[in-house]
Amino acid sequence: MELVNILRNKGVMVTEINKWGTYLRKQWEDNFANHLSHKEKRDIYLLDNGGFCGYLWHLFSYEKKDCMKGEEAEKFFNDENKDSCYVFWQHTDYALILENAGLLKSSDFEDEHDVYVVDKEFNWTYVKTHETGLCGPYFSRK
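In our numbering, the protein residues as written are 1 to 142.
No lab work stands behind these hints: they were computed from the structure. Note that this is a predicted model, so its numbers are computed, not measured. The beta carbon of each residue, even a glycine, is placed where N, CA and C say it ideally should be. Hints are supplied without guarantee of correctness; some may be wrong.
[To be verified] Taking lysine to any residue and the SDA-like style, the derived pairs with C-alpha atoms no more than 20 Å apart in a straight line are: (1) Lys-105 x Lys-41; (2) Lys-10 x Thr-92; (3) Lys-41 x Cys-135; (4) Lys-69 x His-113; (5) Lys-64 x Leu-47; (6) Lys-75 x Asp-93; (7) Lys-19 x Lys-41; (8) Lys-64 x Thr-132.
[Said to hold, decoys possible] Pairwise CB distance ranges, derived in the manner of DEER restraints: (9) Lys-105 x His-38: 18 to 26 Å; (10) Lys-120 x Lys-39: 17 to 25 Å; (11) Glu-63 x Arg-8: 34 to 42 Å; (12) Met-13 x Ser-37: 37 to 45 Å; (13) Asp-43 x Arg-8: 21 to 29 Å; (14) Glu-40 x Asn-100: 33 to 41 Å; (15) Gly-11 x His-38: 36 to 44 Å; (16) Met-13 x Tyr-45: 29 to 37 Å; (17) His-35 x Lys-120: 18 to 26 Å.
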């Protein structure tokens with residue numbers, strides 16, 4: 001994966017994990033969307049529902065949580081302390097654990113879609129969508 005090479009070339013320690021996606025998506029939901037009821041989550045297609053593919057980032061596009069958007073989101077992410085992070089995607093169980101990630105920048109995810117970056121305590125998140133420009137990227141705090 002090209003992203004792994006980009007990160008390793010920056011000195012980021014990358015651990016690839018093939019089965020953590022479901023767990024990390026649930027943790028993300030529990031930490032950032034815990035103020036919504038199940039019905040509210042269903043109404044914004046936060047989760048897969050009735051043949052419609054859900055996206056966690058709908059939390060931001062439907063304005064159900066405060067966030068920074070676009071270039072402002074990129075700036076906040078770039079300026080954030082990023083020692084240890086998780087990276088995961090919407091539609092795969094593949095995930096990354098990043099250590100020594102201080103040099104991580106939004107531009108590293110230029111070729112990624114529906115990717116979530118979160119610190120290990122789930123205090124903040126950066127999301128790059130497949131609709132970047134129209135929706136996202138987003139940055140938010142818990």
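Structure-based check of all given hints:
no.: 1; hint: Lys-105 x Lys-41; in the structure: violated (30 Å)
no.: 2; hint: Lys-10 x Thr-92; in the structure: violated (25 Å)
no.: 3; hint: Lys-41 x Cys-135; in the structure: holds (18 Å)
no.: 4; hint: Lys-69 x His-113; in the structure: holds (16 Å)
no.: 5; hint: Lys-64 x Leu-47; in the structure: holds (14 Å)
no.: 6; hint: Lys-75 x Asp-93; in the structure: violated (28 Å)
no.: 7; hint: Lys-19 x Lys-41; in the structure: violated (24 Å)
no.: 8; hint: Lys-64 x Thr-132; in the structure: holds (18 Å)
no.: 9; hint: Lys-105 x His-38: 18 to 26 Å; in the structure: violated (36 Å)
no.: 10; hint: Lys-120 x Lys-39: 17 to 25 Å; in the structure: violated (31 Å)
no.: 11; hint: Glu-63 x Arg-8: 34 to 42 Å; in the structure: holds (37 Å)
no.: 12; hint: Met-13 x Ser-37: 37 to 45 Å; in the structure: holds (39 Å)
no.: 13; hint: Asp-43 x Arg-8: 21 to 29 Å; in the structure: violated (41 Å)
no.: 14; hint: Glu-40 x Asn-100: 33 to 41 Å; in the structure: holds (38 Å)
no.: 15; hint: Gly-11 x His-38: 36 to 44 Å; in the structure: holds (42 Å)
no.: 16; hint: Met-13 x Tyr-45: 29 to 37 Å; in the structure: holds (35 Å)
no.: 17; hint: His-35 x Lys-120: 18 to 26 Å; in the structure: holds (22 Å)
Comparing the model with each earlier hint shows violations of hints 1, 2, 6, 7, 9, 10, 13; every other hint is respected.
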